[in-house]
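Peer 1: The primary structure of each chain is shown beneath.
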Amino acid sequence: MGDKVLLVDDEEGIRKVLGISLADAGYDVMTAGSGEEALNIFRNESPSIVLTDIKMPGMDGIVLLRKIKEEKPDTEVIMITGHGDLELAIKSLQFEAADFVTKPIHDEALAIALKRVHERIWMKAKLREYTEGLEQLVLEKTQKLIEAERLAAIGQTVATLAHAIKNIIGGLKGGMYVLEKGMELHNTQYQGQGWEMLKSNVEKIKNLALDLLNYAKDREPDYRLCDPCEPLQEVFHLVQPRCRESGVSLEMECSAGLQPILLDPDGIHCCLLNLASNALDACRDFEPAGTPPGIVLRCLHVHGWGVEYQVADNGCGMDEETRSRIFRTFFSTKGTKGTGLGLMITQKIVREHGGVIEMETKQGKGSTFFIRLPDRRRLDASRTA
Amino acid sequence: MAKKVLVVDDEQDIRIFITTLLETNGYKPIPAEDGREGLELARSRKPALIIMDIMMPRESGIYMYREVKKDPGLKDVPVIMVSALSKKTFFHSQKVLDEYEGDKVPEPTAYIEKPPEADELLDAVRSAIG
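So the sequences go chain by chain: V and E. With numbering that gives the first Met the number 0, the residue at position 163 of the first sequence is 162, and numbering never jumps. With numbering that gives the first Met the number 0, the residue at position 7 of the second sequence is 6, and numbering never jumps.
Treat the hints loosely; a few may be bogus.
[Stated by the list, open to error] Derived BS3-like pairs (lysine-lysine); straight-line CA-CA distance at most 27 Å:
id, chain 1, residue 1, chain 2, residue 2
1, E, Lys-2, E, Lys-27
2, V, Lys-165, E, Lys-113
3, E, Lys-86, V, Lys-172
4, V, Lys-3, V, Lys-125
5, E, Lys-86, V, Lys-198
Quick caveat, the hints were computed from the structure, so don't treat them as lab data.
Excised from the complex, chain V in its bound form (with noise of 0.2 Å):
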């Protein structure tokens, strides 16, 4: 069975002479006498190739090769044109008509343009097989760079938390020799110092755990409507023993009449326990001209947003080169005291809810840390975020 053509025209004896000589080149060759008819005939069968004349009664043949097109934009359509249709023929060809024929059609006419319309659709076939092939390459060799990244992002990971594994190692090793020469000697000065060593290092290892645990925990957010002021309300009372031991006042202004908004609360309680953790480390260390040290948490109501959150201390702020590092991986200014994983979980989290993070910080002054949540109040419309 050859290609299946369809032969457009509304003089029965154009169909008849040109449907017999198609036939005998080999195709399979449907007719109809108008653009209407041909168009039906067209839907079913879908022919590769329509041969139609343009000017007919009714549906002329730019229409149909327009709506041919529009359906099936790989239809290869022949036009055939009486004598001085010239201009509609060019018109047809802008419509992306393959070739068009002049009336009365010479067979070898016909044969050349079919031909190349052959060649045309051979070639699209072709070239749709390369860009698939192309696209299916690029797919591939993509898939490897991640692959590749992704061992590589790990190397490092790893390489850092063995140094920090390490130092902490070295801090428990110490301890248990000190201790053990504490005992040896009956010095109870190597003793507590021993002992202290130990302890702090195991602590630092079980925070480590517990920041890895949380970085890497992809546990979905449980968004809840809620109070946004809660989860500050809990990070303050939380702090607030510790603040008071290293003598850094703490205080908490929220805006009255916030509504309610859906958070996830854990996650939202990380986030503002580690901005609240870190201004106090930074309070801890230095001391301000004039004034004493201090920490504010607000939660307050701004345009555009379901909640505000603010963290400010008047500790040491940062320099340019901490402040455009600070949100990476294993960052970290405390030395052996911290993770540097504590803001790039508050980032993450801060994502997942469609908030943003900011940072507002002078060398010697302070920081201030800005969370704002967007205003979700249904649930649907935090799931497409």
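Put chain E on the given structure of chain V with help from the hints.
Peer 2: Chain E only, in chain V's frame:
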């Protein structure tokens, strides 16, 4: 009289460990928290040995080590490096600085990677100053 050993490290844990190790083995440790304090104490207290870290805030160990080795009063004091930096990286950094400054600074007496083992460090101390 017990021999004085300057211990320079910003990490409190390491300082306590090394000073305890030295004290309990008959030496007199002098602790310092960074390169700047270390250099001051080295010049004022004239220790028999310096045990030092490399990566420290303020004056780094790389700077302090080169200052010690260029100081006529200190250049013969043996130095044991105790650092998380790999030995290879440290020696490479010294080679680059040698070329940059146009003079050759001698290698430290011993180089121990962190975390230090008590026996390893004690052996290095004994072979340096007895």
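Peer 1: Give a verdict on every hint.
Peer 2: Hints, one by one, checked against the model:
{"no.": "1", "hint": "Lys-2(E) x Lys-27(E)", "in the structure": "holds (6 Å)"}
{"no.": "2", "hint": "Lys-165(V) x Lys-113(E)", "in the structure": "holds (8 Å)"}
{"no.": "3", "hint": "Lys-86(E) x Lys-172(V)", "in the structure": "holds (21 Å)"}
{"no.": "4", "hint": "Lys-3(V) x Lys-125(V)", "in the structure": "holds (20 Å)"}
{"no.": "5", "hint": "Lys-86(E) x Lys-198(V)", "in the structure": "violated (30 Å)"}
Checked against the numbered hints above, the structure violates only hint 5.
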